[in-house]
Structure formats: structure tokens, C-alpha cells
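For chain A, the structure is supplied; the task is to place chain B on it using the hints.
As a plain string of letters, each chain reads:
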Amino acid sequence: MAAIKIENLQKSFADFTAVKNSNLTINNKEFFVLLGPSGCGKTTTLRMIAGLELPTSGKIYLDQDEVSLLRASERDIAFVFQLFALYPHMNVKNNLAFPLKMQKYSRAEIKERVMEAAKLLRIDNILDSKISSLAGGDRQRVALGRALVRRPKAFLMDEPLGTLDAEFRELMCLELRKLHDDIGATTVYVTHDQQEAMSMADRIAVMNEGEVLQADSPSIIYNKPKSKFVASFIGSPAMNFIPFNQSVQKNQTEITIEGTKIIIPKQLEESTTQENFLGIRPENLKLVSNEGVAGNVFGIEYLGSRKIVTIETKFGKIKIRIDSNVNLKIDENVQFIPSNDNQIIFDGKTEKSLISEFLN
Amino acid sequence: MSKVELKNVTKIYDKTNKAIDDLSLTINNGEFFILLGPTGAGKTTTLRSIAGLEKIDNGQILFDEQDYTSIQPAFRDTAFVFQQFSLYPHYKVFDNLAFPLKSRLRNFSKEDIKEKVEKVAEMLKIKSKLNNKATELSGGEMQRVAIGRALVREPNIYLMDEPLSSLDAKLRETLRVELKNIQRNLGATILYVTHDQAEATTMADRIGVLEEGKLVQVGTPEEIYNNPISTYVAHRLGSPRINIVNEDVLSLENSPSNTKKLGIRPENIKINTGNFQGKIRTIEALGAETVISIDYKQIELLALFQGIFKGTKGENINFDINANNILYFNDKNESIR
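Top to bottom, those sequences are chains A and B. The first sequence lines up with residues 1 to 360 when you count with my numbering. The second sequence lines up with residues 361 to 697 when you count with my numbering.
The following block holds chain A by itself, in its conformation from the complex (with noise of 0.2 Å):
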């Protein structure tokens, strides 16, 4: 297995630039996923990492060697497609054996080799099967047997989960981590579901427009997001912002919005505008019988452990997340405060979040 970098990496499209100057370490054994929106960059950064695109500018590294511009096939790294690329009237053996057999191993080790992956995703009990006759995921196991009988010095994964039902997308989600922690195998895993990037990931790769904003651990992105961007993008449901128009000072510890002050972190950082916006988690927001900000309830979202509530107010519509036990009605007028001072402002003109002493 190997440590993946990529240095200054940019790759334009005629006059459209998918991937701008981004740096990245992948480090031995991480699992790392690269999370955006459609059109971010990320398939296209997760391809040049494959040889499957050349990059237009910068260099990518397996370990010490320089791979930027070597064929996919001299990179000796496994790619995993959203579609299951499989070949329907062969058996489950002779999918596996199939990319061992192109590279001309031996029988012995190609049986050795198909055992192994099938034994370690539990798929060995039906190595005789067409793969037509399989359901949804055992192909999928199939799919990344594949991928495991080259032992390759990485996998790189687009979407692999993202054409299977929702509960099963959770099943395997499980089974990707454990599969990863039993084998170590450095993991590059491209996708658009934060729920997904969250439960996996060593450490996570935010991309928007091109640009990579952030990587960190999940618990970093989640409660330190360096941009709104980030803050936004990561957690279900995403952070409320709530816009004001007020400057702020190093050491300040308090705002005023639409004539309602707020208790903020102290301050380690002047904004660079007036219009700014606080930034606050559903889940650091309490519902309060006065006293607190109004609105009315627009939507309620029911999610068996808990409830999200869409409350609009004065300052737009904002999300709080409560227990399942509570019950609220639609147009019902509800006050709610903050319930700790977990919260971030975010520079109106930047969008990047200002330091304070709970960022710190």
C-alpha cells in the first residue's frame, strides 16, 4: 500500500477549469474521501489519481514515484465504478479471475488469489454463480473482489454506493470501513453524501468549484469548518445562517440581531465587512416556552429518533432538531435560544469562519 500526493494539480477543459491548483496528501492506510456537490472537481481529481486523465498542470505521487503522466495501467492502482462493470454470463469465480488472468498469473496464484478476496467479502459460498442470478449486493462485492485480486498499492472508488437502496447503502457503508480496517488498503473515495463521507472517512477532502477547501478529520469539518461553504455542507439538516449587520471586534462576546442579543464565543478575529452571519447547528438550538426568539412552525420532519423542525422567523427559516417525543403542530407560534455557545460567525464578505475561542 502507498501514500498518495498530489502537488499544484489543475485540469482544464477547453475554457473550463475542473480542478484549480490543489494540494493533497492521502497518507498510507487512510481511508480518504473527497465530498462535493455534482461538478466540484472530485471525479475528475479521483481520475487523474487513476491515469484515467492527465492532469493539464501539477504532479500527482504514489509514494516517492512521480505517476503524473504514466499510463492507468502502469499505476498499479484498482478503480471501483458506480456501475457494477461486470461480465453477466461469466461466474462469480471468473469475474474475480478475470484481471488476474489478463496480467497472465499463474493458475495456482490466480486461485489463490480469487480465494482470498472471496473468502474476506464473504462471498465465497457462491463462486459458481452467474452473476445475473446475484442481488444488488453481493454484485457489489463482487465489483470490489475484483478491484482486491490485483492487490493493488490503492483503491480508488467513484460513488460505489451510489446506485443501491438507502438501507442498503448504510449495510455496506459498514462493510467498506471493515473490509478497509481488516485489509489497510490506502482508500480514495469520491461521493456527495455527507452522511457517507462522515461515517467512513479517516479524514475527509471538502471540494467546491475546483477547489479544495478543507481537509480534515470528520469531527474537524464538522465542529471547525473553516468556510460557510464547508459549515453548510456538512451535517443533516445543514447549519442554520443567520444574517446581521453589525462589524466584529476582537474580544467581543455578544451581537445584536433584529433587536435580539446573542452570546457568542469571544472573538479572536475582526470581521472584514458589516454584514456577517452566525452560524448555528440544529442541534445547539432549544425550544423555550418565553423569552426566547419567535416564529411559526413551517415543517416537521419526523426521523424516528428525532424530530427537525423548520421554524420561520424574522431572520428566515430556521431548523432545530428536537426529540420525537415533542409535539408541535404546523403554524404553531414556538420561542426558541441558543442552547450553548457553539456557534460561529462567518465573515460576510470572505465567507470564511472568523476565529474565536471555541474555533480555536
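Simulated from the structure, these hints should not be mistaken for laboratory data. Virtual Cβ for every residue (Gly too), placed ideally from N, Cα, C. Check the hints yourself; a few may be wrong.
[As the list claims (entries may be wrong)] Computed cross-link-like contacts, SDA-like style, restricted to lysine to any residue with a CA-CA straight-line distance of at most 25 Å:
hint	chain 1	residue 1	chain 2	residue 2
1	B	Lys574	A	Gly137
2	A	Lys317	B	Lys530
3	B	Lys657	A	Leu121
4	A	Lys178	B	Ile604
5	B	Lys530	A	Ala166
6	B	Lys670	A	Arg203
7	A	Lys329	B	Arg536
8	B	Lys639	B	Glu675
9	A	Lys178	B	Lys673
10	A	Lys286	A	Glu270
11	B	Lys574	B	Thr370
12	A	Lys349	A	Phe336
13	A	Lys317	B	Asn545
14	A	Lys329	B	Lys657
15	A	Lys352	A	Thr272
[Said to hold, decoys possible] Selected chain A positions facing chain B (Cβ under 8 Å, derived; list incomplete):
hint	residue
16	Ile234
17	Pro243
18	Ile330
[Stated by the list, open to error] These stretches of chain B come out as covered by chain A in the derived footprint (C-beta under 8 Å, 3 or more residues):
hint	segment
19	581–591
20	598–604
21	623–629
22	637–648
Below, chain B alone, put in the same frame as chain A:
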């Protein structure tokens, strides 16, 4: 809008494969009804049968007590929203939305059409895009137009086949709340099918759970979550998934005598308290909450912890289970009440 009833509907493919099996269901006027089930459970076949796109082999389909079983699709007056939005790429958004109103069957005036299109565009926040070509829209906007094309009409029922599943996760979340709100304001009758439990519990007035062509339980999201009739239904709702373990794993005192399995929702396992002791297998920090996988007598139990959990893999951990929230199942995996 109408009340829609299915009475003992069966649809058979290839002579033996029952895609829907003796399915009876009433969708009330103004109700948001969601059919939930995995791929192959019969969700789409049910929708297509109501629309008349499939000829059913047995049973009846009624709109407001009237038998529509053998009526041609065009005269059933249903509006279908497909998973893959199919817009006319060379048309403007306005014309895409107006298209269903221009049918000879309906005979609307130009002014009527304009008014209806603008009202729907306003609701779906695409009014500023009315003059754009369909190809100039983002994925989310295209799906709004596709939904809008159904909403411009007032059919007997809106039939929606996983309309949000091809969208980004973030967009899906936003549209969920909007669609529920629009439905409530219009008093629309919607039959919506999905495999995504979050869509089902957040939007539905009632959920019907499908298992291999059979409707196994119907109820409000709360009823289905709290009182599932079987382990199959218990597994359909809840994320992380419910823990189902053999009765002897926890050896509880007050279980009903015929209990074979216990169901414990992860949020009902309380961490760092109580007399059960296990080992931490994995910790998944999801932001607002943390999923902790506990190894207890070689059985995996998932616990849901609110907030950030401080602990490490391999550590011993104490936990408690609230006896009031345990579900009991018999040897047929049916719930014991």
C-alpha cells in the same frame, strides 16, 4: 382530487411472478401516502397499475368509489412524476410546464394556462427560469420542473416514483420539506414510492410497507417506527438500524413467554450507565450524534449517543437498556404486543 382505493389487486409477470399480491389500500383525498420497500417489492408496479400503464390480473381500482379498473390511461386523469425527469429539452421551462394543459382533453384558455403555470412556478421557486431552455437548468431545477409539470393539473391523484432519488443528498433534503408543504397547501392526494426511509417518515401522512408484493403494515410514521408488526418492518425504519438479538442474549425478566427475539432501537441503549458491560468495536462520529458499535457477548449492538462521544476502540463500556422501549418478537418474527 380523489380518494383512491385498491381492492385485492394482483399483478403477475411471466405467469408465476406476483409483483403485487392481493394488495388492498385506501388513499384518502388530500393524503400524502408513501409506499416504502426495497427494490423489487412492487412499489413501481403499484403506481403503474393505478395509472393504467399495467393491466392488473385481479382486483379493482376505484377513484371516488367509481370503478376505473378497465379505463384507458388517458382517461384516468392521473399525473405521473418519474425518477428520471423527462423534459422537452428544446422547450422553454414555461412550455414544459404548460404542455400537459394543452391537451385537447382539457381545453384551457391561454390566460388560464399562463395563470396556472405561473402559480406553480412560484410555488417551486422557478419563476425566474420560465424563459430558460430546459437544458440550461441544474439537476435540481429540472426535477422541480418535472414535479411542476404534474402540479399544473388537478388530477385524481399524483403518482410519484422516487422523484428525488437522482438528486444530490443536500437538495433532496430541501425539496423534501418544500414538497410536503406544497402538498399540504394544495390538499393534494399523492401516492409516492421510495426506498428511502427518511423521505417516508418526513413527508408521509401514512406509510405502507411492502414486502415482496404484499402490503404488510399501514400506519403513521410514528406507529410504524414504534410498533412494527414484524422484524421485517422494524428493519425498514430507523437509522442506524434496529438491533435484533436472540432473547437469551439479554436474559430479561419480564419478556412475554413466547419471546424469541428482542428489538432495541439504538437510541434506547444508554451509554456509561447500567449493568451491562461490553467492548467498544467502532465509533462513528456523525456530527450531532455518534454511533457506537458495542461487542456484547460476541453480538454487535449499535448505540446512538447524542453529541460527541469520548472513548476509544477496544475499551470496556457500560450500558443500560430501557425495558419500556424493547420490542418482542416470536418464532415467526412477528411482534408480540
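Determine which of the earlier numbered hints do not hold for this structure and return their numbers in increasing order.
Of the numbered hints, 10, 12, 14, 17 do not hold.
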